[in-house]
Structure formats: structure tokens, C-alpha cells
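Protein chains in written order, with my numbering: chain E, 1 to 423; chain W, 1 to 177.
Do not take every clue at face value.
What the hints assert, rightly or not - In the DSS-like style, the derived pairs of lysine-lysine whose C-alpha atoms are separated by at most 25 Å in a straight line are:
1) E:Lys251 with W:Lys170
2) E:Lys334 with W:Lys89
3) E:Lys251 with E:Lys181
4) W:Lys46 with E:Lys341
5) E:Lys334 with W:Lys31
6) E:Lys334 with W:Lys51
7) W:Lys170 with W:Lys46
I should point out that these hints are in silico values taken from the structure, not numbers from a laboratory.
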Amino acid sequence: MSNSAKNAPGSFPASSPGANRALAVGIVGIVATAGGLLLPNNTHAVAHSWLVGVTFWVAITIGMLLMTMIHHIFDASWSTVIRRQWEHGLAAFPWLAVLFLPLVLATWFGPRDLIWPWMNPEHVLHGHGTVANDILYVKKSSFLSINMFMGATAIFFTVWIWLSARLRKASFTQDSDGDLKWTRMNRVTAAFGIPLAALSLTFAAIYWIKSLEYHWFSTMYGVWFFANCVRGALAISVLIMLWLYVRGDYKGILNTNHLHSIGQLMLAFTVFWAYVTFSQYFLIWNANVPEETFWYNLREINADGSPNQWKYVGIFVLVFGHFLVPFLYLLSYKHKIVHSKIKFIAIWMPCVIFFDLCYNILPALKNEHGDALPLVSVNFIWTITAVIGVGGIWLYAYLKSLPTAKLIPIRDPRINESLLHHE
Amino acid sequence: MAAQPHGLIATFETAPEVYHAAEKVRDAGYKFWDCITPFPIHGLDKAMGVKRSNVPKFSLTGGIIGFCTGMSMIWFMNAFDYPLVVGGKPYFSPMFAFPVSYELTILFCAFATIGGMFFLNRLPMHYHPVLKHDTIHRGMDDQFFIVIETRDPKFDAARTRALLEKAGGKDIKELEA
């Protein structure tokens with residue numbers, strides 16, 4: 001059998017032996033994270049690390065869900081060859097739901113304030129009574145109740161899994177029958193799915209991350225999370241396409257204009273992330289109200305006024321790493337189309353998104369003075385193993401889904417336009 | 001001595017013809033020449049060997065100037081020329097200068113892009129020698145042309161004409177300057 005026939009776009013891609021390796025990496029990562037529980041008084045740190053790991057991959061998968069639906073709602077053509085890889089990525093949602101389960105079970109059956117302090121009314125706040133006596137909690141208690149949290153989390157995953165299943169089914173079935181009704185069905189799914197996904201990701205960001213400091217509020221929070229979701233998804237899909245190109249599957253399919261277009265989106269969402277994140281900081285800085293500024297103070301100085309590690313994470317990783325470096329880098333045309341160059345930034349971006357999530361989640365871990373625990377500490381090991389562990393499972397889900405459908409949606413009405421994508 | 005002609009113009013009937021002719025002219029090493037088509041032909045840039053536009057360099061310069069203007073303007077007004085405390089904030093901080101700098105980055109970038117585009121393509125151009133060609137109006141309708149200018153170092157009346165003929169050009173004429 002000739003090699004070209006094996007790699008024809010209408011064929012099913014070969015399954016990758018990487019799937020089992022990814023699963024192994026995932027299990028090792030999860031076991032290593034769980035190993036952190038053996039250390040004394042380490043449960044909080046491990047739980048927060050796990051939250052970083054799960055939300056990181058949930059964010060990327062939501063980004064892929066949104067990109068798929070945005071593709072359909074605009075009847076886009078150029079992204080048709082890329083869409084199939086997003087659809088495979090969506091296979092990870094049920095796994096992510098399972099991986100989120102430990103947090104749900106541990107807080108439901110175990111210590112209620114394991115991660116989210118407001119879940120335990122007896123939780124002692126630093127310096128002022130318990131959560132139950134806290135007027136700022138009482139006023140928010142109808143929203144911040146453990147039942148609401150659990151119900152909402154169940155709804156989020158149900159919505160994501162359901163939308164993914166609809167999109168995948170319609171797209172995969174069209175490969176065999178070429179019926180245009182599937183394109184229409186996907187457009188309908190996108191039309192109601194985009195608002196559903198937008199609301200669910202916003203509330204997920206509020207419940208899972210923002211409520212770690214339930215005194216604090218920011219109307220930008222959902223948008224901040226959305227920007228990270230899409231950037232992460234774009235970066236990971238670039239890496240997947242380059243991998244498929246090197247493997248031979250995407251030779252003759254992926255052209256420089258696809259990479260140029262996706263690079264432009266990466267640049268746009270870099271600016272968007274910066275716009276949103278800066279606006280949040282700027283409004284709080286400008287208003288200078290203690291009930292908002294404490295969130296940034298916690299990430300800048302200790303109670304005694306000395307700067308802590310998060311200050312430098314904020315300046316160097318977020319301002320420079322998350323915005324300035326990718327922004328200046330992606331301005332160049334060459335950096336968007338030369339494989340090795342776009343690969344660099346597609347690896348860089350998920351790394352800084354990881355640090356952004358750390359910046360938002362980990363300072364909720366405090367010492368006895370109420371100061372945020374530093375980023376670089378033993379706890380960071382569990383954060384890394386959690387991201388690798390969940391990532392292994394994510395990759396396993398993707399690679400298991402990959403051979404189940406044709407390489408590209410070969411009978412999509414827009415596939416020819418996508419293959420001939422030009423400037 | 002009679003004025004040197006502007007160049008040679010050749011007529012083509014179809015888009016593929018002009019596309020392949022452009023490749024031949026490109027490969028022959030000409031620099032000062034152009035294609036006239038009634039609509040954009042995808043890939044013609046590449047067939048002509050045209051490099052990517054230099055407009056982004058203007059955009060970047062404009063953006064940097066805009067950003068610096070915003071920052072220095074706010075610093076000059078609030079911290080230097082007329083120091084004023086607003087809302088208990090420092091005289092100058094990049095925080096509140098940022099929205100202004102950001103807007104000026106976009107504004108100056110847009111101006112530089114438009115200006116740079118007009119500078120590079122030399123529009124508006126009220127006269128061009130090809131307008132004297134009898135059938136040039138069909139270049140806006142159903143015909144395609146290639147013009148090779150005499151100022152091109154490779155230009156040679158006989159050899160350039162032969163090249164255009166070989167490339168499939170019809171009705172090859174000399175253009176008055």
C-alpha cells in the first residue's frame with residue numbers, strides 16, 4: 001500500500017501509539033499529585049493544585065468548543081480543516097468531568113472549606129469571626145451555597161458534554177452521508193450553544209476561581225477566563241496541527257495561510273486578554289476601594305509590607321510573558337507562518353496561561369499571617385504534576401478520538417474553500 | 001532625440017494566460033513592470049515575484065510614536081507643566097496614562113497605515129502613460145495587460161518584445177511616455 005493512499009485526506013488517520021503513553025503520563029501525574037496528600041497538612045495545597053490542573057484543561061477544551069461553534073455560526077470556510085481537531089479535543093469533556101469529581105466529593109464529604117472557604121459556615125476568617133457571621137457572605141449566601149455550587153458544576157459539564165456530543169455527531173455523520181442538514185444542525189447548535197457556553201464558562205470562573213476570595217468582585221472575571229480559554233485552544237490546536245503535519249497526515253492540507261489566520265487570532269486574543277486583564281486592574285487601582293484592592297494586595301505584598309513572589313509573577317509572567325512577548329512576537333508575518341516559529345509561541349502561550357491560573361488560584365493558600373504562600377515552594381510540585389496528569393488524560397481522550405473519524409470533514413460544503421485557503 | 005517610450009504593453013485574453021506570462025517575465029528578471037487586470041487574481045503576487053508590502057513597517061512606527069506621545073503627553077501635562085493631584089494618585093503613573101496611550105497607539109497606527117499605503121502606492125495618480133493605450137479601458141472589463149517599463153535595467157526593445165510574444169502576449173505596442 002502506498003504511503004500517499006494511507007495519508008489521503010478522505011481516510012481515517014492511523015491511531016497513535018502515543019495514546020497509551022499519554023494515559024500512562026496522566027496516571028503517573030495523578031498518582032504523583034495524590035502522593036502529595038501523604039505529607040502532613042498538605043491537603044489544601046494539593047486540592048488547590050488540582051483545581052489549577054483541571055481548570056487549565058477545562059479552559060482549553062471550552063476554547064475548542066467555542067471555536068467550533070464560532071466557526072459554524074459565521075459559516076466560516078478557512079477553519080474547516082482545523083475544526084476536526086477541535087472536535088476531537090471535545091472528547092475530553094467527560095474525562096474532565098470525572099477529574100473534577102474529586103474536588104466535589106472531597107468538599108461534600110470531607111472538610112467543607114478544603115478549597116472554597118465559604119462552603120463551611122464555621123470557617124474562621126483571618127481576624128474577623130466566622131463565615132456565618134460575615135455580612136458579606138450572608139448577603140451572597142443564596143448564590144454561594146454548596147448546593148448551588150454542586151448543581152451549577154453539574155450543569156456546566158452537562159451543557160459542555162451535550163453541546164460537544166451534538167457537534168461531533170453532526171460533523172462525523174456528515175463524513176459518511178454528506179447531507180447538508182448536518183451543517184444546518186451545527187449552525188443551530190452554535191446559535192444557542194454560544195450563549196450557553198458563554199454563561200456556563202463565566203459562572204464556572206466565578207464559582208471555581210473567583211469565589212476563592214468571596215469578598216472580592218470583578219465584572220471582568222468571566223471575560224478574563226474566556227480570553228484564556230480561546231488563546232489556550234488556539235495554541236494547542238496549532239501544536240496538534242504541526243504534529244499531524246510532521247506525522248504526514250496534514251501534508252498537502254495545512255498551508256501557510258491557515259497558520260497565518262490562526263496566528264492572527266492568537267494575536268487578537270493576546271490583545272483581548274491584555275485589554276480585559278488591564279481593565280480589571282486599572283479600575284480597581286483607580287477606585288482604590290479596600291474591598292477590591294485587597295485581592296491585588298495579597299498578590300503583591302505581605303501583611304508587613306514586604307513584596308512577595310506574586311508581585312514578580314504579576315510583572316514578569318503576566319505583563320511581559322502573557323502580553324508583551326506574544327504581542328510583539330506575533331506582529332511579524334514570518335513568526336505566524338514558519339512552523340518552528342509559531343510552534344515556539346504555541347508552547348509559550350499555554351505555559352503563561354498556566355501561570356495566570358496559578359496567579360488567580362494559588363494565593364488563596366495563606367499562612368498564619370494571612371499572607372499568600374509563595375509560588376515557588378514544595379506546593380508547586382503538585383501544581384505541575386496536576387497539570388501534567390490532567391493533560392495526559394486530555395491527550396489520551398484526543399488521541400483515542402482521532403482515529404474514529406476522517407482526518408478532515410471531507411464532505412463539508414466548505415472543505416474545498418478551506419483546502420484552497422488564500423490571503 | 002525623441003523622448004524614450006514608457007514601455008511595452010502586451011494584451012492577454014484570459015487570467016491563466018496573464019498569470020503564466022507574469023511568471024515568465026518574473027523569471028526573466030524584470031523589476032519595473034506591472035500587470036493590469038479587471039479583478040484581483042489570487043496568487044498573481046507570487047507569480048509576479050512581488051514581496052510582501054512594507055505598509056506594516058509604517059503601522060508599527062506609527063503605533064510606537066502614538067504610544068510614546070500618549071505617555072509623554074500625560075506626564076508633561078500632569079506631572080511637569082501643571083502638577084496636579086487627582087484622586088490621591090501620583091502625579092504620573094503609567095496606569096492612568098495607559099488608556100490614552102493605547103488609544104493614541106491605535107489612532108497613529110491607523111494614520112500611519114493609511115498614509116504609508118498612499119505613500120507606497122503613489123496614489124492618487126492623475127496621469128499614467130498606459131492610459132494612452134487604445135484598449136486600456138478593457139483592462140477594467142475583460143482583458144489583461146502586462147506593461148514592462150523602459151527604465152528597467154533589463155529592458156531591450158527587441159528582446160523584451162520577443163519575451164512578451166513568447167509568453168503569449170498579443171497586440172504588443174510601445175507606450176508613449
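Evaluated hints:
no. : hint                   : verdict
1   : E:Lys251 with W:Lys170 : 40 Å, violated
2   : E:Lys334 with W:Lys89  : 42 Å, violated
3   : E:Lys251 with E:Lys181 : 30 Å, violated
4   : W:Lys46 with E:Lys341  : 22 Å, holds
5   : E:Lys334 with W:Lys31  : 24 Å, holds
6   : E:Lys334 with W:Lys51  : 13 Å, holds
7   : W:Lys170 with W:Lys46  : 23 Å, holds
In summary, the structure is inconsistent with hints 1, 2 and 3 from the numbered list given earlier, while agreeing with the others.
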